[in-house]
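Letter by letter, the chains look like this.
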Amino acid sequence: MGCCNEHSRAELVRRGIAEAGRGLPSIEAGMPTPAGTGLSRRSFVAQSVGLALAVYGGSALRPQVFDEGIAAAAAANGSQKVLLSVFLDGGADSLSLLFPGEDPDYLALRPRLALPASSGTPFAEDSRLYWHPSLQPLAQLHSEGKVSVMPGIGYDHPNQSHFTSRHFWEVGAADERLATGWLGRYLDRVGSSDNPLQGLSLDWSLQPSLATAKMPVAAIDAPDRYDFWARGVWGDVHERMIATIGRLGALPTHGDPGLRQATDATRQSSQLYRQLTPFRGKDDKKGFSSPVAYPESDDRFPNRLAGLAAMLAAGMPLRVVAMSAPGGYDTHDDQANDLAEGLKLTADSLLAFQRDLEARGLADRVLVHVWSEFGRRAKENGSNGTDHGAAGTGFLIGSRAKGQLIGEFPGLKQLDDDGNLRATADYRGLYSAILEDWLGADAEAIIPGARKFKRPAILK
Amino acid sequence: MAELPRYRGPFGVPQAERLLWRAGFGPRRGEAAQLAKLGLDAAVLSLTRPAGEKWVGPTPRDDKGRRLAPGDAWGHDHLWWLDRMVRTSRPLVERMTLNWHDWFATSNSGVGSQQLMMAQNRLLRRYSLGSFRKLLIAITANPAMLLWLSGTENTKDAPNENYGRELMELFTLGEGNGYTERDVREQARALTGWTYRWKRGKGATDFRFDPKRHDTGMKVIFGKKGTFSWRDSVALTLQHPKHAPFFVEKLWSYFVPEPPSASTRAGLEALYRDSFEVRPVLEAILRHPALYTGPRMVKPPVVYTAGLLRGLGRGVDTSSWVWLSENAGQRLFYPPNVAGWDDERWLDTNSFQGRWGIANTALEKFTLGEKKRKSVKVPNDPEAIVKGALALLGNPTIRPETHKELLSFARGSLAGATGWKAEAYPPLVANAVRQLLAVSPDLQTC
Amino acid sequence: MRRLLLPVLALALLVAGAAPATGGTEAESYVQVVEKEWSLVMSRLSVRAGRVTIEAVNFGTDAHDLVVQSKAKGSKPVKFKQMDPRGRTERTLRLPAGRYALWCSLPGHKAKGMKATLTVRA
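Sequences listed follow chains A, B and C, in order. The first sequence stops at residue 580 when you use our numbering, and every number in between is there. The second sequence stops at residue 486 when you use our numbering, and every number in between is there. The third sequence stops at residue 985 when you use our numbering, and every number in between is there.
Because the hints were derived from the structure by calculation, they are not lab data. Cβ coordinates follow ideal geometry from the N, Cα and C atoms, glycine included. Possibly wrong hints are sitting among the right ones.
What the hints assert, rightly or not - Among chain A residues calculated to face chain C with C-beta under 7 Å, some are:
hint : residue
1    : Ser-160
2    : Ser-263
3    : Leu-298
4    : Ala-299
To be verified - Quick list of in silico lysine-lysine cross-link-like pairs, DSS-like style, CA-CA up to 27 Å:
hint : chain 1 : residue 1 : chain 2 : residue 2
5    : C       : Lys-936   : B       : Lys-239
6    : C       : Lys-936   : B       : Lys-242
7    : B       : Lys-282   : B       : Lys-264
8    : B       : Lys-242   : C       : Lys-978
9    : B       : Lys-405   : B       : Lys-427
10   : B       : Lys-405   : C       : Lys-936
11   : B       : Lys-405   : B       : Lys-77
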């Protein structure tokens, strides 16, 4: 998928590290430990909401307490604001997401990769820029005033290692040793000890930005843990096997308490299986319905967004949600197609998600932050791709987003000493604004050195 | 006094199976039939007075093929003990060790030393079928227990009631059963004196009773007066009139789910009182009609796991058992609290998936139809498939309705499996039948 | 007599020298280091030289890590990854005989007592 080998192999190691409780593989030298490594991981089926989760951290409360905690939080939820963090993994090329189609420097730096201006929608706030063709859905939302673009977001002394830079973004500081995520620290301040849905990773393992020190957070449990996967069984034989679990769970127990305990568990598990479909692959029938159509894909991203909207509509007490976008953005080689594909599915899905929220009357409660660990070099490399850069592009999407540029396009005339785009906004200022204006929290207590960073205007 | 009732019904394979599941970890292939041939009495004695240990099966390994280091490697403690359960030819010894681990529930989370936990495990095994009095004395002085229940923090200047309370509440009398808060305080005084030396790098070592730290004053416990010390604490609880009833009921509950009748209780107490020997009580329980004619019990997760492996003839060869067992709610050496595991709640939707995972992992070595692995050809025949699944798992006794469901599943899946499916489906169906059988309520209970 | 002895001796030497450098058949020892505030407790005080798997487990409420360094002159410290409470990390090192210092490198932790000495015997 255009990823450099080192990135994809190390990504597997990184995921392995982040998946606590499954045994730790050997560590690669030089990588900062992802926030949340070593957190305890427990399986928990949230009866009240029909979800199989992996709960990370929190004290050693019994799972039953979480069910009650979720129910209590849902009852008290009301109009809790929600932040969804979407990560473009690999360092998305800002100069492609919004490209200066007519800039002679652009054409000179990217003889093969330069996109023609005619291929993209002009960017309304800066006539130099055009939207990547795949980002047409975001252009549409932008025209509705629902997208704030950050064309040059980053930080001083940029780090070009995937894991280090990503780590800085996840922990909200340029600190390799910090072990909690910025959203995790937010939850430690305002969260509750018995609601693991307050921080939800829509992934098989915990997104490090959600890693807490005290409060429990959750990830969707891996499918092979709760969809009754059996080795050497697939297709409609698998479906029939699941149905048989239900039938075994319906056999009479004649008042035998031991048999009843086992039979009840069997029956309830087969019932839950039917409800636990939101986060499985596209082949499974969904246990919920959406008012809008989402893109069809083998990737779970659209389905997860649809499921998230359904969860919010059902009143589930979520505060912060984190997930990764489809596609690989570490486009060292043959960038053009890979980038186009990944961005298209991401943008199409995010548009569907926005429409879904609007249809359900939830659009005022959700803000989406799209980010990547860095942008890429202005000059293309010799393999039809680009290498790691510095400042990148990010978005805030939602009905309440201000819809105005945060920072400005840095331009190609004043690249930094490494030949990279300069940052015109600091991600820590953005985080501080999100915490203060959207989530109503004290940024100074969550982002180290928050005082130093200018807060952009992010909301209407 | 009336003699204790003895089961007088047929002692065939189903009864032998139940006995092996309740008093051990289930049968190996053919073991139930062999035991049934002995008849009830000899069968029970073969469990309570076993011959020397003869390990059956391959030595255990972890995922990396390494030998186990139960005192030095995380998870190897659980695997080491699971392996004993799988390979032992003295299942009741091992099962009673597990029961004592629950009775005197000590968690390494409060001890911080797998070595000390292993030493406690050896202690529990040493007294597994012997004298409860000797066991209680030994556990009171056991380093892991002393750390876990603050025995060494209990000094004459700063008494700590933790062990004194649990000694009575959980180990010998039952909550609020024949003792007062004053007794708790006085017990704590009697139990003072235990201490250890801290050595850097080694931790707590040289556990001993130091008379200089002991409160030598007069104490009143259960209305009796004396300058009691820790051995007296133990003796007083054993002699308490409420101890024998508590003991027999609790021991009984590990083997039979419904409480004993009044006359059975009286009979068991009579066996136990004064001698404090466990074996005669066990023999009476294992011969009792209630065990054979009463309702089922849910198998604890490690018992379920060990039993699957015993039935399949597979050894411990992966570290997965550690987290699988944790998912199912039973990580050995880490009971949830000092009250042990709660067998009323073994199986709910959370732990069901844990059991599903255990079954799937146990069966994975036998998966049919995989190209990489040479395996038998599976006939396109529902009856043969179900028969084969039962045989693989050691021919366990199942309800006719369960058998019917498995057959119906196999028939339904194979009906209309024409063309490429005729070749491809039988192994899929066979794998599924095995999995269904392994997680059926029949095999989750005994 | 002499002729018999020689082949037996040769066989013995063959067996003794047979341990390969790669893992799996080479003898491996294990030691677990339980870290808490404020101590390191090792599951054993000494191990055999060769491949040694050192596993650090965090039984405390703070983050901790582990550094292992031979007390021989000029040796380099080996640093393990930091662990959150209830986390663990392990490394397999080839250790020659000698004494090794172990400690937690987080600020102030070693001074408060998080240190120990492991003996590796020949």
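How the hints compare with the structure:
1. Ser-160: Nearest chain C Cβ about 5 Å off; hint holds.
2. Ser-263: With Cβ-Cβ at 45 Å, over 7 Å, it is violated.
3. Leu-298: violated, 10 Å
4. Ala-299: holds, 6 Å
5. C:Lys-936 <-> B:Lys-239: holds, 26 Å
6. C:Lys-936 <-> B:Lys-242: holds, 25 Å
7. B:Lys-282 <-> B:Lys-264: Status holds; Cα separation ~15 Å.
8. B:Lys-242 <-> C:Lys-978: Status holds; Cα separation ~11 Å.
9. B:Lys-405 <-> B:Lys-427: holds, 19 Å
10. B:Lys-405 <-> C:Lys-936: violated, 50 Å
11. B:Lys-405 <-> B:Lys-77: violated, 32 Å
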